[in-house]
Structures are given as structure tokens and as C-alpha cells.
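I would like the entire structure built from these sequences, with the hints used as guidance.
Protein chains in written order, with my numbering: chain A, 346 to 680; chain B, 346 to 680; chain C, 346 to 680; chain D, 346 to 680.
Don't read these hints as lab results, they were simulated from the structure.
Computed from a prediction, not measured in an experiment: that's the story for all the values here.
Please note: incorrect hints may appear among the correct ones.
[As the list claims (entries may be wrong)] A few chain B residues that face chain D, going by a derived Cβ cut-off under 10 Å, partial list only:
1. Asp598
2. Tyr616
3. Thr618
4. Gly619
5. Asp620
6. Lys625
7. Leu644
8. Lys647
[To be verified] Straight-line distance between alpha carbons at most 30 Å, and here's what the computed DSS-like set of lysine-lysine pairs gives:
9. Lys389(C) x Lys625(A)
10. Lys369(A) x Lys488(D)
11. Lys389(B) x Lys348(C)
12. Lys348(A) x Lys459(A)
13. Lys671(C) x Lys527(C)
14. Lys625(B) x Lys671(A)
15. Lys389(B) x Lys375(C)
16. Lys570(D) x Lys570(B)
17. Lys478(A) x Lys595(C)
18. Lys488(D) x Lys625(D)
19. Lys426(C) x Lys458(C)
20. Lys478(C) x Lys570(B)
21. Lys389(C) x Lys348(B)
22. Lys375(C) x Lys369(B)
23. Lys476(B) x Lys570(C)
24. Lys458(C) x Lys647(C)
25. Lys488(A) x Lys671(B)
26. Lys671(C) x Lys680(D)
27. Lys647(C) x Lys478(A)
We treat Cβ as the ideally placed atom computed from N, Cα and C, and that holds for glycine.
Protein chains: 4
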Amino acid sequence: MIKIGIIGYGYWGPNLVRNFNGNKNFSIVKVADTRSERLNLLQKAYPLIEITTNPNDIIKDPSIDAVAIATPVFTHFQLAKTALENGKHVLLEKPMTSTSQEAEELIRIASGKKLSLMVDHTFLYTGAVQKIKQLIDSDTIGKVKYLDSTRINLGLFQPDINVLWDLAPHDISILTHLVGEKPYSLNATGVSHTSNDVENIAYLTVNFESGFIAHFNCSWTSPVKIRLMLIGGDNKMIVYNDLEPTEKIKIYDTGYDIKTDEEKQNLLVDYRTGDIFIPKTAPTEALALMAEDFAQSILNGKDTVSNFNSGLSVIKILEASNESIKNRGKEIIIK
Amino acid sequence: MIKIGIIGYGYWGPNLVRNFNGNKNFSIVKVADTRSERLNLLQKAYPLIEITTNPNDIIKDPSIDAVAIATPVFTHFQLAKTALENGKHVLLEKPMTSTSQEAEELIRIASGKKLSLMVDHTFLYTGAVQKIKQLIDSDTIGKVKYLDSTRINLGLFQPDINVLWDLAPHDISILTHLVGEKPYSLNATGVSHTSNDVENIAYLTVNFESGFIAHFNCSWTSPVKIRLMLIGGDNKMIVYNDLEPTEKIKIYDTGYDIKTDEEKQNLLVDYRTGDIFIPKTAPTEALALMAEDFAQSILNGKDTVSNFNSGLSVIKILEASNESIKNRGKEIIIK
Amino acid sequence: MIKIGIIGYGYWGPNLVRNFNGNKNFSIVKVADTRSERLNLLQKAYPLIEITTNPNDIIKDPSIDAVAIATPVFTHFQLAKTALENGKHVLLEKPMTSTSQEAEELIRIASGKKLSLMVDHTFLYTGAVQKIKQLIDSDTIGKVKYLDSTRINLGLFQPDINVLWDLAPHDISILTHLVGEKPYSLNATGVSHTSNDVENIAYLTVNFESGFIAHFNCSWTSPVKIRLMLIGGDNKMIVYNDLEPTEKIKIYDTGYDIKTDEEKQNLLVDYRTGDIFIPKTAPTEALALMAEDFAQSILNGKDTVSNFNSGLSVIKILEASNESIKNRGKEIIIK
Amino acid sequence: MIKIGIIGYGYWGPNLVRNFNGNKNFSIVKVADTRSERLNLLQKAYPLIEITTNPNDIIKDPSIDAVAIATPVFTHFQLAKTALENGKHVLLEKPMTSTSQEAEELIRIASGKKLSLMVDHTFLYTGAVQKIKQLIDSDTIGKVKYLDSTRINLGLFQPDINVLWDLAPHDISILTHLVGEKPYSLNATGVSHTSNDVENIAYLTVNFESGFIAHFNCSWTSPVKIRLMLIGGDNKMIVYNDLEPTEKIKIYDTGYDIKTDEEKQNLLVDYRTGDIFIPKTAPTEALALMAEDFAQSILNGKDTVSNFNSGLSVIKILEASNESIKNRGKEIIIK
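Structure (C-alpha cells):
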């Protein structure tokens with residue numbers, strides 16, 4: 346039984362508590378939050394879990410094996426670093442850290458101490474993304490040509506991170522998970538409707554050397570909620586609508602073949618539209634699978650689906666997007 | 346009765362013929378197309394209209410008052426110029442010309458000869474866009490903060506113009522029609538999946554000095570057809586879905602108020618979600634209204650809704666988008 | 346070339362004219378309508394077709410081979426009878442006649458004179474219904490257990506026939522086409538919101554001896570248009586939404602197996618929900634296929650898909666529905 | 346603080362426990378279920394609540410004030426009767442009892458002992474139904490002409506009650522709540538695809554003397570889930586789609602006026618389609634409001650929204666529907 350402490354009981358913390366509580370490999374011993382009213386809520390629902398307003402009571406408790414951190418991003422690095430230094434396995438909410446340098450330092454410490462360091466990119470554990478991964482890996486889709494994601498809604502303005510840092514990690518982690526190729530460069534534009542210069546609408550294009558292109562449209566100021574991803578291959582195309590209760594993925598037997606008619610020196614494009622297939626996707630709660638993946642990593646050294654590499658890739662893209670926005674959309678090469 | 350000749354009977358020409366034929370102020374005397382099989386189709390449906398494979402038979406026919414041009418873009422300038430020089434009123438399909446210089450020259454000639462020169466931005470005549478215009482002009486929406494458009498489908502690859510030149514004129518003309526402010530700059534990125542370097546997917550962000558932002562997502566390679574525009578004001582927001590048969594416009598009583606809590610030095614954003622209103626929009630065919638607008642311009646010197654100024658604005662944005670794409674997304678100041 | 350005359354140029358007549366005009370086996374020689382303003386409209390679009398306000402000018406014209414009748418139902422019998430007696434092949438709009446006795450008399454005359462007598466159940470020629478037919482005939486769906494149809498909208502109140510006679514022929518003809526079993530009995534209820542006792546809302550249940558059941562919900566007074574049919578088999582189930590532009594048919598790999606657990610004396614039902622498949626359906630206009638079917642029947646004696654038997658079956662069900670409504674929903678055995 | 350015991354911790358029980366637990370006027374002291382595995386689940390989540398496999402431990406416990414009963418319908422009467430006789434206030438899940446005689450006896454006992462007797466028609470507490478009620482009571486909709494409900498899905502076959510008893514209570518309670526007029530008669534038809542003659546598909550038409558008509562389409566064997574209610578008034582019409590996450594109610598400014606043109610002796614119907622309005626509905630959980638309504642009834646003698654009268658009305662309609670189905674759809678006068 347892994348003894349786990351959870352730091353942060355705000356928006357996402359209750360989901361972590363519920364899922365670690367439901368996992369037979371974990372025992373939640375303590376939860377920390379600086380706000381006592383949040384801890385009161387916790388105690389009503391889980392009278393047997395200890396509470397504290399000081400995260401150090403978790404990080405430095407020698408009886409605790411693992412720590413899950415669901416606090417504002419700017420606190421991630423220091424909390425995770427201290428936890429790792431105290432020999433705890435660490436799960437970080439997305440985005441992993443504020444800078445890629447911080448992420449790299451955490452990875453270095455965790456690797457040196459052979460501790461699990463995982464980032465909670467929950468979407469990688471959904472039935473939908475698992476199915477898409479399988480469709481791409483089995484070459485059903487063919488060579489992937491583009492990924493186009495829209496993730497917009499009337500959302501909470503975050504004071505410290507812009508809309509890309511808030512919403513795009515979901516989609517960038519999916520991109521990284523699905524597509525083997527390393528991104529080459531990116532362009533980002535956006536606008537802030539507040540006085541603090543934090544973008545509430547932003548657009549991100551990620552370029553790849555092969556001609557594959559990915560685009561992300563993120564907004565906190567849309568009257569409607571949209572969670573739509575299009576993935577185009579040269580055999581088939583996928584529409585992934587995360588708001589559909591049961592028909593999340595539609596596979597279109599649609600494509601275009603490009604030929605050059607040499608005689609006529611003309612470009613010929615053959616279109617094809619055909620049947621549509623909606624596979625049943627596993628209904629298991631993604632967060633439950635994530636918790637179990639963390640357990641297996643701690644207990645058996647298993648590689649996790651969502652790992653620090655994808656965590657770092659996401660941060661590198663977000664960091665470069667900051668630079669592009671600051672330089673008014675200029676192309677930034679991704680390191 | 347205005348005697349009109351129509352050049353080009355391809356994809357759009359039949360719509361022009363049907364609508365000018367149905368307008369009591371026009372009499373179609375001749376239709377030109379270089380392809381005799383297209384002219385045969387015309388004759389079956391309209392046995393009384395003259396046909397010709399030579400556009401000059403229309404442009405130089407002294408009995409003809411007006412010319413509508415629905416040919417590939419690269420031919421627009423020369424055809425329109427000759428027509429104007431021969432004293433004809435001219436209607437051009439979108440996009441108006443290949444360059445802003447050409448557009449400006451046509452405008453100069455038309456103005457000098459006091460001839461009508463109009464660009465067929467059909468969407469400006471739809472009940473939906475007319476209603477949105479009225480909602481903005483009456484200040485129902487409040488100050489407009491963003492416009493976000495997605496226009497994607499499995500579309501014909503054009504050999505000579507990229508997907509922005511093909512699809513975005515609709516949305517850029519709507520933008521120009523709705524928003525008084527001049528665009529300041531733009532960024533465009535895209536990708537070509539063919540060997541001729543014509544982009545089949547492209548993204549365009551148009552920046553305005555006031556903080557208003559417009560974004561356009563265009564693709565010929567989407568398995569699903571989407572025609573969706575979001576317009577956010579600080580009072581209300583509009584979702585315009587052109588594929589909805591009857592509920593094209595939804596007005597959301599949704600907004601966010603941004604305040605700074607000076608004591609706490611914090612940013613406070615108040616959210617509001619409320620009722621939704623779906624106004625009935627006029628069902629009249631847009632092209633019929635466009636034809637009548639052209640007639641009134643010729644007969645009574647009336648200003649047209651879709652005019653050469655919006656035609657030129659669209660070309661300037663498209664031209665700058667070419668330059669931005671060539672410079673890998675660099676910000677281009679719009680002249 | 347079959348010389349055809351068309352009687353009735355109201356709501357549906359223009360569709361008939363357009364499709365017979367587009368068929369290479371037909372030549373439309375004359376169109377009749379009692380309203381001269383309708384004939385004026387025709388002449389504008391088709392200047393070469395003769396017009397008349399007297400249907401006898403068509404029925405009794407010896408140069409005419411076939412007659413299509415698109416007039417109010419109560420006139421069908423007399424027009425069709427005279428036409429058949431004058432040796433014309435006859436196409437009748439749905440519903441075929443006002444009574445089954447009339448339908449049977451027309452069938453007798455046509456059979457005696459070896460003339461084609463066809464009813465235009467257009468839906469049988471749609472790609473969607475053809476695909477469903479094929480799914481049932483190939484036993485993909487398994488034993489069909491129910492058919493549930495909703496066909497409602499804000500529709501024209503007909504003065505002479507109720508909403509079942511107006512709307513249900515489409516669905517009943519589909520039922521008859523798909524399911525071999527003869528209906529046993531029916532129950533119908535409805536309400537009239539007008540003073541003329543013509544039902545504007547009506548519900549029809551058709552019972553079959555095998556346990557198969559069909560239900561039809563028809564209304565002229567719905568604020569929304571719905572065209573939805575569910576067909577449940579014991580292997581798979583079909584949802585047919587005729588308003589979907591491209592995804593009209595969805596095949597659900599969904600079912601239930603009923604077992605009796607003898608030990609426990611309990612009923613056990615196993616549920617299964619699985620993948621969904623959306624086949625591409627042929628986009629050809631149904632009416633064009635219907636016209637060609639009529640041509641083949643006249644020229645080559647080929648059996649038509651929509652024939653007088655299905656026409657008669659529809660009338661028998663409608664006739665019995667009248668009786669059930671009059672008897673306040675009582676079960677009526679279908680002859 | 347009202348001390349409450351809950352009998353039945355199956356499908357619905359956990360929702361009752363969660364909501365009574367969250368209400369400040371209730372304290373859950375005991376939960377009974379015959380299945381110890383269900384009680385184990387309860388204890389994991391609520392370690393402080395007492396458990397028992399014997400409902401009498403609740404009903405006869407003198408320290409308990411109120412009992413909520415969420416067991417199979419056939420057990421409702423005996424449990425509720427004993428509870429009332431032991432001086433407990435009683436909340437019954439829908440449908441209230443197996444017969445109207447039973448319901449009337451419970452009402453008699455509760456009235457005699459001045460105890461609260463309430464039926465949990467949860468839907469009456471939803472923001473959507475509350476808004477519809479208000480639209481009807483304020484005469485916004487005008488005179489209500491019809492109510493048409495479809496409630497179908499792939500559902501659990503109940504061994505003891507048919508699909509009408511399982512699903513229709515929701516819609517019949519809404520009908521009773523919204524419409525003052527007493528139903529006059531009904532017709533019901535259905536089919537059983539199992540050997541135990543329990544209908545899994547059934548159709549119910551309820552007739553009213555004023556010409557108002559209500560129709561209910563219920564099925565356990567639909568591949569898709571539909572929860573759709575249409576309510577037509579002579580001013581406006583409502584579409585209530587309970588599966589819409591935020592736009593549950595749409596109000597259509599649609600109608601038809603019926604006139605008789607005396608001169609022509611013709612029926613004239615004027616159609617009107619206009620704007621659509623989607624009011625924001627309260628997001629509070631319906632069951633929480635129901636629990637509070639029960640509390641206020643016990644503490645302050647307040648009338649409840651969902652009361653034994655609506656419970657009894659539902660049972661009378663269900664009882665008559667049984668008789669109609671048995672008599673093959675014959676009209677049954679509702680007592």
C-alpha cells in the first residue's frame with residue numbers, strides 16, 4: 346500500500362482524492378491546502394484523512410511515500426523539488442512547471458534518486474485518446490498530415506498563466522502522445538482583454554519538418570464550449586468531439602490523393618468520401634487509470650503513459666509560444 | 346431594363362444566371378464560356394440566351410450595359426478593365442483581383458467613368474449577416490472584442506490560389522462589413538500538401554490597434570464541413586453557424602467584466618451566462634438581393650452594400666497574408 | 346421516347362416536371378393545372394411545354410403515352426380511371442386514392458389493359474431506404490422487432506385529408522417495402538384543433554402477429570421539423586434521420602438477448618452496446634430514379650420498386666386508421 | 346434536525362443518501378437494504394451511518410422521524426403503510442404504489458395522522474420544468490393544445506413493471522403538474538419481446554375533454570437515448586430536450602391561427618414562425634430541492650410541489666393504461 350499525500354484541494358484536488366481513495370494500491374494519509382474552508386469540505390466527505398495547511402507536513406513526513414501536487418503552477422517546482430529530495434515519488438498536475446529549466450532539473454533529481462516523476466496529462470488515459478493512438482499506430486489512418494484543435498469556453502481567467510498555459514497542455518500532450526515526430530518551430534498570437542497582459546484568446550501553430558502541421562485555438566471568452574479535434578491522415582480522418590457523451594470519435598473514410606498529371610503539367614487531386622465508423626470507446630474514468638499507472642510505476646518501475654518527457658515537451662512548446670507572442674507571432678525554433 | 350452579359354458558366358455562373366434572370370431590372374442577353382459543354386448545359390435550361398466562347402463578344406458588344414465576371418481570379422483584371430473601358434458596369438466574383446494594385450486601377454477607371462464596379466461578396470446579403478450588422482450597429486453586442494471563424498471542408502484544391510484566397514474572402518468581407526476599425530497587421534501560417542506549394546490549410550490572425558482580434562481557420566482537407574463564426578462583444582456574444590437550416594444566429598447574454606481590485610492588487614473577472622436568443626432571419630436568397638443592389642447602383646447611383654472598397658480591403662489582407670506565409674508567419678503591417 | 350403529360354402544377358408538380366424533363370426516355374408534351382398563374386410560372390421556366398387548364402386535354406390526347414397525376418387526392422380516382430381507359434400509363438402521387446375500393450378498381454383496369462400503374466412513394470428510391478432494405482434483406486439487422494417513426498413539422502393544414510393521410514404514406518410505404526409480414530391490425534388516435542374535424546395530430550400503431558410493432562407519430566403543429574425513424578432488430582438497430590445532410594443512417598451494434606434463468610425463474614436480459622457504423626448512401630435524387638423506374642416499366646415491362654401493391658397497402662392502413670380514430674382508438678383488423 | 350432512515354440502496358438510493366446528507370435539516374441515521382454488498386458500499390462512503398438488512402429496524406425505530414423508500418414498487422405499499430402507522434413521515438419513490446387503491450389507503454392514513462406523505466417525482470424540481478410551469482401559468486404559451494413526450498433508451502428490463510410504469514411516471518407527473526385539466530380517457534398499446542408479457546415498448550395517448558391531447562412514447566429497446574417533450578400552445582410552443590446540457594428549453598414564437606373564411610366556406614390557417622428564446626434555467630440539483638421540500642413539509646406543514654395527489658394521478662393513469670393494453674388499445678375512461 347502506497348501512502349500518498351495530496352497538496353492542493355481546489356478545483357482538481359477533489360478528483361485526485363476521489364480516485365486515489367478508490368485505488369487499492371493507495372492510502373491517502375494527508376491533504377494540505379492553505380485555505381481552511383477547503384479542508385473543512387474535505388473532512389466532511391472523508392473524515393478519516395488528516396489535514397494540514399502546511400504542505401511541508403506532507404513533503405517532510407517520513408511515513409509518506411508519494412505526493413500529488415495540484416497547486417498553482419508557479420509553486421510546482423519548489424514543492425516537487427523538496428518532495429523528491431525527501432525521497433517521495435511525485436505526481437504533478439499540468440502544466441508541469443513554469444519553465445523547461447525547472448522541468449529538466451526535476452527530471453534530473455528524480456532520475457538520480459530513481460523516483461517516479463509523473464505529470465497528470467489526464468486525457469492520455471481517456472478511451473477516446475487511447476483509441477486514436479491505436480488507430481494511428483496500426484496505420485489505419487495513414488500518414489498523419491494535420492491536427493487541428495479548438496478548446497474554447499467561458500473560462501476562469503487565470504491571474505498567472507495565459508490561456509495557452511491553461512488549456513493547451515491537454516491538446517499538446519495529446520499531440521506529443523500521438524505523433525512521434527519532434528516539432529520544429531511554432532508561431533503564436535493572442536490578445537489580452539485585461540490590464541495584466543495575460544492573453545485570454547490565443548492561437549498556436551506548431552510546424553514539423555515533414556509537412557505535418559498542428560493548430561490550437563484556445564479561449565476563455567467563448568459563449569459556447571467547444572472541445573473539437575480533427576486529425577487528418579492520408580487514409581482516413583478522425584473527428585474527436587470530447588463533448589459527445591457516447592460518440593466521441595468518428596473515423597471518416599475520407600481522403601485526397603494528389604497526383605501530378607505530367608502530360609498536362611497539372612495538379613490532380615482525387616477526393617474520396619465514404620463510410621463513417623464510430624468505435625465504442627472504453628468508459629473507464631481516465632483519472633482512475635492515471636492513478637493506477639502511477640501505482641505501477643512506483644511498485645514495479647513500469648513506464649507511465651503520461652511521463653516527464655511529455656511533461657517537458659509541453660513546457661518547451663508553451664515556453665516558445667510565450668516568446669512568439671512577445672515577438673508578435675514570429676516563428677520560434679523549438680529547442 | 347439593364348442588358349447584362351455573363352462571363353464564366355462554371356461553378357458559380359449558373360447561380361448568377363438564375364438570379365439575374367429572376368430580376369425584373371435585368372435581361373441576360375449573352376453568356377460566354379470557353380468550354381462548349383458548359384454552354385450546351387446553359388442552352389438546355391435557357392434556350393433564349395445567346396452563347397459565345399469569346400468573352401470579347403460580350404465586353405465589346407455595344408448593346409450590353411453591364412457585365413458579370415465569374416472566371417478564374419487571374420483573368421479578372423484584364424476582363425474587367427476592358428469592360429470598364431468599353432463603358433460597361435462590372436460585377437466581379439470574389440476575390441476581386443490578384444493584387445491590390447489591379448483592384449486600385451479598376452477602381453480608378455470605374456470612378457473616372459462613373460461606372461458601377463461591384464464585388465459579389467454574397468454573404469453580406471444573407472439574412473444572418475444583415476441581422477448581425479444590425480445587432481452591432483445598435484450597440485446590442487457592445488464593443489466587439491473578437492471574431493473567430495472556421496470555414497473548412499473537403500474542398501476542391503484550386504491550382505492557382507491557396508485556401509485563404511478561396512475561402513477567406515467570405516469571412517474577411519463579413520469582418521470588413523461589420524467592424525469599422527481598420528486592421529493594423531496580420532500573421533498567417535499554412536501548409537501545402539501538394540507539390541505546387543499552394544496551401545490547402547491556412548490560419549490567419551488579423552490584429553487591430555484597439556485590441557480587437559480576428560482569426561480565420563481555412564482548410565480544403567477537413568472530413569467535416571464547418572461554417573462557424575463567433576463574435577464576442579462586451580455585452581453579448583454571437584454564434585453564427587451557417588450550416589444550421591433555420592437557427593443560424595444565436596445571441597448569448599454572456600459576458601465578462603474585468604475589474605481591478607485596487608486594495609488587493611488583484612484582477613477580478615465577473616462572469617455572466619444568461620438567456621439565449623435566436624432571431625428569425627430573412628429567408629430571401631442572398632444572391633437575389635445582390636443582383637437588385639447592382640441594379641439600383643446602375644439605375645439610381647445607389648451605394649451598394651458589397652462595394653469595391655470592401656473588395657479592395659479583402660485583397661489587401663490576402664496579399665499581406667501571402668507575404669506573412671512566405672516569411673513564416675511574420676507580422677505584416679497592412680497598408 | 347415516352348410522351349408524358351402532367352396534371353397538377355402545385356407543390357409537387359414542378360419536381361415532377363424537372364425530373365421527367367431530365368430523363369432521356371421521357372418527353373413532356375403538356376402540363377395541366379386549373380390555375381392559370383401556375384401555368385404562367387411553368388411557361389417562364391419551360392417555354393416549349395404546352396399548357397392547358399383542362400386535364401382532359403391530356404387524358405384524352407391520343408398522342409400522349411403516359412400521365413402523371415399530382416392533384417388533390419379526391420380527384421385521383423376519376424382522373425386515373427379515365428386515363429387508363431384511354432390507354433395511358435399512369436403515375437399517381439401518394440396517397441393513391443381516397444378508398445381501397447378505388448385503388449383496387451384502378452389496379453383491375455390497369456392489369457386488364459396491361460398498362461403501368463405506379464404510385465410515387467418517392468422515399469423508396471432514396472439512398473437511405475435502399476440501404477436499409479439491403480441491411481434487412483441481408484439479415485445484417487436480424488429479425489426486425491419494431492419500427493418507430495416521427496414525422497412532424499409546422500405544416501399546411503389540408504382541408505380534405507388528415508395528417509395521417511398527408512404525412513404517414515411516406516413511412517407506411519417504407520414499412521411495407523422493408524417488412525414482408527402483412528399487418529394484422531391497428532390502433533389510431535388523434536385530435537383536430539380545427540372546426541372541420543380533420544386531425545392535425547395523430548398517432549398510429551400497427552400490430553403484426555409475429556410481435557413486430559410499428560408506430561407513427563404525425564403532426565402539422567410541431568415547432569420543429571423531425572423526420573426520425575428507428576428500426577430495431579435483434580442483431581443491430583438503425584436510426585434513420587432524414588434531416589441529416591450526409592449521415593442519414595446510423596447502424597448501432599446494439600442489442601438485447603433475452604434468456605430465462607430457469608433455476609432462479611428470473612428473466613435475464615443481456616445488453617450490448619458497441620460500435621456505430623454510418624454507411625455512405627447514394628446521393629442520386631430519388632425522384633430521378635422513380636422517373637426512370639416508371640420508364641423501364643413502360644418500355645420493358647419491368648416491375649417497379651414503388652408499385653400499386655404498396656399503394657394499395659398504404660390505402661388499406663389509412664382507411665383502417667380512419668375507422669379506428671372514429672371509434673376512439675379501437676383496434677381495427679386490417680383486411 | 347429530522348432523523349431519517351432510507352430503505353433501499355440500489356440504483357436510486359445513493360442519490361437519496363447524498364442529497365439528504367447534504368441537507369441541513371436532515372440527519373440520516375440508518376440505511377436498510379437486503380443485500381449486504383450494497384450496504385458495504387454505503388459504509389465505505391459514509392462510515393458514520395448505521396446499516397441493517399431489515400427494513401423494520403428503520404420503520405419501527407422510535408427515534409426515527411421520517412422514512413424514504415426506494416425499493417421495488419410491489420413493496421411500497423406495505424413498507425409505507427407500516428411506517429405511517431408507526432408515525433413516520435414517508436417519501437416514496439415513483440411510481441407511488443402498484444394500485445390506486447393502495448395509494449388512496451396510504452393517503453387516508455397519512456391524512457388521518459397528519460403525517461407528510463410525498464412521492465419523489467424528481468423532474469418537478471428541475472429548473473427546466475419549473476420554467477415551463479411558469480411560462481404556462483403566466484399565459485406566455487397561451488392555451489396548451491398538446492404535449493408529446495418521447496422517453497426511450499436501451500434500458501434495464503424490469504421484471505415486475507412494464508416500460509410505462511418504469512419511464513412514464515416522469516412525464517405523467519410533469520403533465521399533471523403543468524396542466525390543470527383532469528384527463529378524461531386514454532388509449533395504450535405496446536408489445537413485449539420477452540416471454541413474461543411485460544411490455545418493453547409502449548405508447549400512451551391521454552385524451553382531455555377540451556381537445557388537449559398528450560402522447561407518451563416509451564421504450565427500453567432504443568439504441569439511442571431520447572428525452573424530448575414538445576408542448577404546443579396557441580401563442581408559443583416549447584421544445585424541452587432534457588439531454589441538452591445547457592439549452593434544455595427552447596421557446597418558439599410559432600403558432601397557427603385557425604379561421605373560417607365564411608364567404609368561401611373554407612378553412613384558413615395562418616402560420617407564424619418567429620424568434621426562438623432559450624431561457625437560462627436554474628442549475629440547482631433537483632433532488633436537493635426535493636429533499637428540502639420534504640423538510641419544509643415536515644417542519645412547517647408546507648404543501649410540497651410533488652405530492653400524493655400527483656402520485657395518485659400518475660397511478661390512476663398507469664392503472665388505466667394496463668387495462669387499455671389488455672383490451673388491445675381500447676379507450677379507458679380514467680376514474
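Tested hints:
no.	hint	verdict
1	Asp598	8 Å, holds
2	Tyr616	13 Å, violated
3	Thr618	7 Å, holds
4	Gly619	5 Å, holds
5	Asp620	5 Å, holds
6	Lys625	5 Å, holds
7	Leu644	34 Å, violated
8	Lys647	30 Å, violated
9	Lys389(C) x Lys625(A)	54 Å, violated
10	Lys369(A) x Lys488(D)	59 Å, violated
11	Lys389(B) x Lys348(C)	19 Å, holds
12	Lys348(A) x Lys459(A)	18 Å, holds
13	Lys671(C) x Lys527(C)	23 Å, holds
14	Lys625(B) x Lys671(A)	43 Å, violated
15	Lys389(B) x Lys375(C)	18 Å, holds
16	Lys570(D) x Lys570(B)	26 Å, holds
17	Lys478(A) x Lys595(C)	24 Å, holds
18	Lys488(D) x Lys625(D)	23 Å, holds
19	Lys426(C) x Lys458(C)	12 Å, holds
20	Lys478(C) x Lys570(B)	28 Å, holds
21	Lys389(C) x Lys348(B)	19 Å, holds
22	Lys375(C) x Lys369(B)	27 Å, holds
23	Lys476(B) x Lys570(C)	23 Å, holds
24	Lys458(C) x Lys647(C)	16 Å, holds
25	Lys488(A) x Lys671(B)	25 Å, holds
26	Lys671(C) x Lys680(D)	23 Å, holds
27	Lys647(C) x Lys478(A)	52 Å, violated
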